[in-house]
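There are 2 protein chains.
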Amino acid sequence: MPVRRFPENPVVTPAMVRPSRPDFEVLCAFNTAVTTYRGETILLMRVAERPISTGNTVKIPVLDTDGPVAQVKLMELSRLDTSLDFSDSRLVRGKDLFLLTSISHLRIARSKDGRHFTVDDKPAIFPSRASEAWGIEDPRITQIGDTYYIAYKSVCSDGISVSLATTKDFVTYAYHGIIFCPENLDVCIFPEKIGGRYAALTRPVPKMIGSPNMWVAYSPDMKNWGDHHFLMGVRKGEWDNGRIGGGAIPIKTERGWLQIYHGATEKDVYCLGTVLLDLENPHKIIARAKKPLLVPEAPYETTGFFPNVVFTCGATVEGDRVNIYYGAADCVTAAAEVSIKEMLNDLH
Amino acid sequence: MPVRRFPENPVVTPAMVRPSRPDFEVLCAFNTAVTTYRGETILLMRVAERPISTGNTVKIPVLDTDGPVAQVKLMELSRLDTSLDFSDSRLVRGKDLFLLTSISHLRIARSKDGRHFTVDDKPAIFPSRASEAWGIEDPRITQIGDTYYIAYKSVCSDGISVSLATTKDFVTYAYHGIIFCPENLDVCIFPEKIGGRYAALTRPVPKMIGSPNMWVAYSPDMKNWGDHHFLMGVRKGEWDNGRIGGGAIPIKTERGWLQIYHGATEKDVYCLGTVLLDLENPHKIIARAKKPLLVPEAPYETTGFFPNVVFTCGATVEGDRVNIYYGAADCVTAAAEVSIKEMLNDLH
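Chains as they are written, first to last, in the numbering used here: chain A, 3 to 350; chain B, 3 to 350.
Keep in mind the hints are simulated off the structure, nothing from the lab. Computed from a predicted structure; not experimentally measured. Hints should not be assumed to be uniformly reliable.
The list treats identical chains as one, so a pair stands whether inside a single copy or across any two.
Taking lysine-lysine pairs in the DSS-like style, the calculated list, with each CA pair at most 30 Å apart, reads [what the hints assert, rightly or not]: (1) Lys238 to Lys97; (2) Lys209 to Lys292; (3) Lys286 to Lys254; (4) Lys124 to Lys61; (5) Lys269 to Lys286; (6) Lys286 to Lys225; (7) Lys269 to Lys225; (8) Lys254 to Lys225; (9) Lys269 to Lys124; (10) Lys238 to Lys61; (11) Lys114 to Lys225.
Only chain A is shown next, with the shape it has when bound in the complex (with noise of 0.2 Å):
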């Protein structure tokens, strides 16, 4: 199937954010939420930023949420101290140490066309409270009547949950708690009501039984979850036989709900598939396509700061073309048009 990738890509690239305080660098502009709001495209994008180090120091960031205000503190590790590994550059280990090196945080880039994007200035979400410690990532926005659902990822020492946020205006964003406890990621709220309820994609990853699979849950209210389903595991000898999730929010057809997800192979090779869902009971499943939508190829997915990931959690779509918007090697923020036609050939 034919995906064409934007000629402007990497359609945004950590150079083109300013960091959130001048003694921090930006690591990476990915995984980006998609709306588009009054003419605009919207990226809400996770920004990943870690202080600049120098010399044998290496300053963690911490989210310090003791006092009337949360703010980002630094510890100071040296790396000349041996009981700490710090080996893989994204953390930090040691006896009973777990450290992230960077902290995310939620921040917009604006377009009118879609390919050409200016990023705001100042982040739109910053961590701000226990359970987002470590930082707050993977977005994904579904926009029902004005208001505009935020789901995404909290991470802290607890673990990683999927919080719940709505703006009308992309200026202010009301909070509304953790709506799927740990370990639970990639949440796709569907853009609209289905038999009465709101419906959306998650994606728990069980430590004893199960693997990290796709399941759908309904709500009354958007804030409480319940009637939770199996949807689809991973698939032994495939393309994702690692692991799956919720991509870009589900794309209502004729013939089902179109979800554009994310596998990996067990060795970490995220590339884009298609699946297909009942249009009354999106946890039933109608066609899942064998093989992947999108698989890492151009230089900018193959290399960066994570090599070989396409990790999508938004398009926008008119007509017949969606665009999908899409995280590329875990460091910058790239494009690619494909029609739903086509996709949903390859779903039968």
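Guided by the hints, dock chain B onto chain A, whose structure is given.
What follows is chain B alone, placed relative to chain A:
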């Protein structure tokens, strides 16, 4: 603190339980929800059974949910099959294979005095859907008005989740779906609304970040849950350093919600402990006792299917006296009496 074990212990043994079918044997009758109904103490026990196997054949119970009525079918494996590992009697492992050798259902035991029990001949709730294919386990009952809410663990190859059933008469049961997706267990619903909402202790088990800790969730309707809060974690160097989870339904006292929870060491010695939670905001801790309330010491606690376990799913309360019913050594049901005042003395 003096915890007085019942001289009648164990109050229920597997020998008192008739198998659900003649070719099965009962292994364990334990981890029992507790309530009172029409003047009787009702234990809704987890009964674990396995097909009687002879010679080198090992029969594995598998719930078949493809037909109009779910039924347990038997898969036959050979002990001589060198590709399979039978070393843990609870399960069979192979390449791409993981099976439980037993399947659990829920069964009622009744008593006029809380000490001498008669076990119903037939299951109260038997696994009947795909999410319960490997059994249903460790229920908790919360009575609100004339409705008994039963939160229980559903186990299948997709994971361990928590489902909700209700009854008003312990004869017919209504099913309300999975209320917490994998991996979650040990859900204890508080016995009244708090600030206009239902509340529950949950025990998510995260894979990547976090430990098997206790959380609190809220609900407008018992079926949909949100506003998850981290409650408390395992304690390094203590008796509850490996995992913790809700035990009995929280008991309302003047000073707060008194919760008898279980904790296990990293080496799987399970004890009971106490914590006092804020009456208005039960995700806030007032005090957590340092020492355990009950430690496996009696022969039926230190010897059995899985030795050195005391694990409660419920208690009865009469004035200051609490009768804690608990699974002992993952095999039998025992009980012990304790005073609320004395428990509160340890919580300051």
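*What hints, given by number in increasing order, does this structure fail?*
7, 9, 11
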